[in-house]
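Based on the provided sequences and hints, a complete structural model is requested.
There are 2 protein chains.
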Amino acid sequence: MTIIRSVFHDELEGISQSLVTLSELVSGSMAQATTAILSADLSLAEEVITKDQKVDQIHHDIDARIIDIIARQQPVASDLRALVSALQMASDIERMGDLAQHVAKIARMRHPQMAVPPELIATITAMGSAAVAITQKMAVVVATRNLEMALELDRDDDEMDDLHRQLIAALLDKPWTHGLETAIDLTLLGRYYERYADHAVLVSHRVYFMVKGEYA
Amino acid sequence: MTIIRSVFHDELEGISQSLVTLSELVSGSMAQATTAILSADLSLAEEVITKDQKVDQIHHDIDARIIDIIARQQPVASDLRALVSALQMASDIERMGDLAQHVAKIARMRHPQMAVPPELIATITAMGSAAVAITQKMAVVVATRNLEMALELDRDDDEMDDLHRQLIAALLDKPWTHGLETAIDLTLLGRYYERYADHAVLVSHRVYFMVKGEYA
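As you go down the protein sequences, you meet chains A and B in turn. Last residue of the first sequence: 216 in the working numbering, with the numbers rising by one and none dropped. Last residue of the second sequence: 216 in the working numbering, with the numbers rising by one and none dropped.
Heads up, a few of these hints could be off.
Remember, identical chains collapse to one label, so a pair may be satisfied in a single copy or spanning two.
[What the hints assert, rightly or not] Think about it this way: if two alpha-carbon atoms lie no more than 30 Å apart in a straight line, the pair counts; the simulated BS3-like pairs of lysine-lysine are:
#, residue 1, residue 2
1, K105, K174
2, K105, K212
3, K51, K212
4, K212, K54
5, K51, K105
6, K212, K174
7, K54, K105
8, K137, K51
Hints were generated in silico from the structure; no laboratory data involved. Note that this is a predicted model, so its numbers are computed, not measured.
This is the structure we're talking about:
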């Protein structure tokens, strides 16, 4: 019994490590997508778009491994909860990759024009940095199950929401001179960064649920 | 063994029925949210927003029941796949409810003004109808596992994408006279309906995967 438990926990640990790997990949994508949109860098945008296939592949691989572990080990109670939570986390992180890809697609669509007007470069830069920082903290939470840190992500998400409000306010506060297409792009960009951070928060809540058996 | 299998399949059938119930609830929310946004109906918008708590509660209840079935019945192979797929479907359908709520929140935010200008009422009406129709077909796919119908949802989603393109084109084709706030609202509305339909397609793909063991 002891040996089986140990194999199980090694497998679970392996899943956590794969989730961290996936988080790092996705965080890198969002960093690159932000650079691509702020510098109208087509090849970087293409790289992010192509890399999303790798994210999807790792996601499917993690899902298959989790289902295989459940079938072989037949876990119950907290062990089963941990695996189901891991399935949901993998799905959230994969979705974060999609959102990074969406940012890159706007960069590609507008190339060689800049999608972001000069006065909003600082805001989008800050949203990109906030997205990368929240992913890195999320990865630490997944790896360490540090619940105090898990709850910090709610506050980090508030910062992203503030940046999002600043972005929308900038569109509305003065007469807008950059045309409707740019306004649409910025509305969608704001939504993508905001949703990206929302998924990171969801992942941290799932870690909390996994450890405590209830939601924060 | 026969009796245990039968109990298992009754339980799985119960989960499918709950997913159908959740789909109907969500479809009703999107229908009401569309009416609310097209008639600036505050009380209807509030109703949709409040109802989302019920959607979340049913979602959590389905999740808990699925985890309980896995723990007690220890299914393997296609039975386990069916339960994991059901977890993912419940999550998608709950997200569709969130998106209906987002539509309702725009109606509430703009009340007593209309969020949708007269020349775009037909397009948003069509997007609302397409959303309801795709959810109803999705519910039939979940209930019957009809794979031919499951694949039809891809085409239904193409129609939603066409409507979404029409909406964006209407924003860009002529000089826009409704202000930037309305343009932002319409950009987000378009995104919400499009994502809603995407999740319905994902559910139908998960039914396909559940039956075939591979993606369509």
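Evaluation of the provided hints:
1. Taking CA atoms no more than 30 Å apart as the test, K105 paired with K174 passes in both settings, with 28 Å inside one copy and 25 Å between copies.
2. Taking identical chains as interchangeable, the C-alpha atoms of K105 and K212 are never at most 30 Å apart, the minima being 39 Å within one chain and 33 Å between chains.
3. When the C-alpha separation of K51 and K212 is checked against a cutoff of 30 Å, the pair qualifies only between copies, where the shortest distance is 28 Å, while the shortest distance within a copy is 35 Å.
4. Taking the shortest Cα distances, K212 and K54 sit within 30 Å of each other only across copies (24 Å), while inside one copy they are farther apart (32 Å).
5. In the homo-oligomer, the alpha carbons of K51 and K105 lie at most 30 Å apart inside one protomer (13 Å), although the nearest pairing across protomers, at 35 Å, exceeds that limit.
6. Taking CA atoms no more than 30 Å apart as the test, K212 paired with K174 passes in neither setting, with 48 Å inside one copy and 55 Å between copies.
7. In this assembly of identical chains, K54 and K105 lie within 30 Å of each other by CA distance solely inside one copy; the values are 17 Å within and 36 Å between copies.
8. Within a single copy, K137 and K51 get their C-alpha atoms as close as 22 Å, which meets the 30 Å cut-off; across copies the closest is 33 Å, which misses it.
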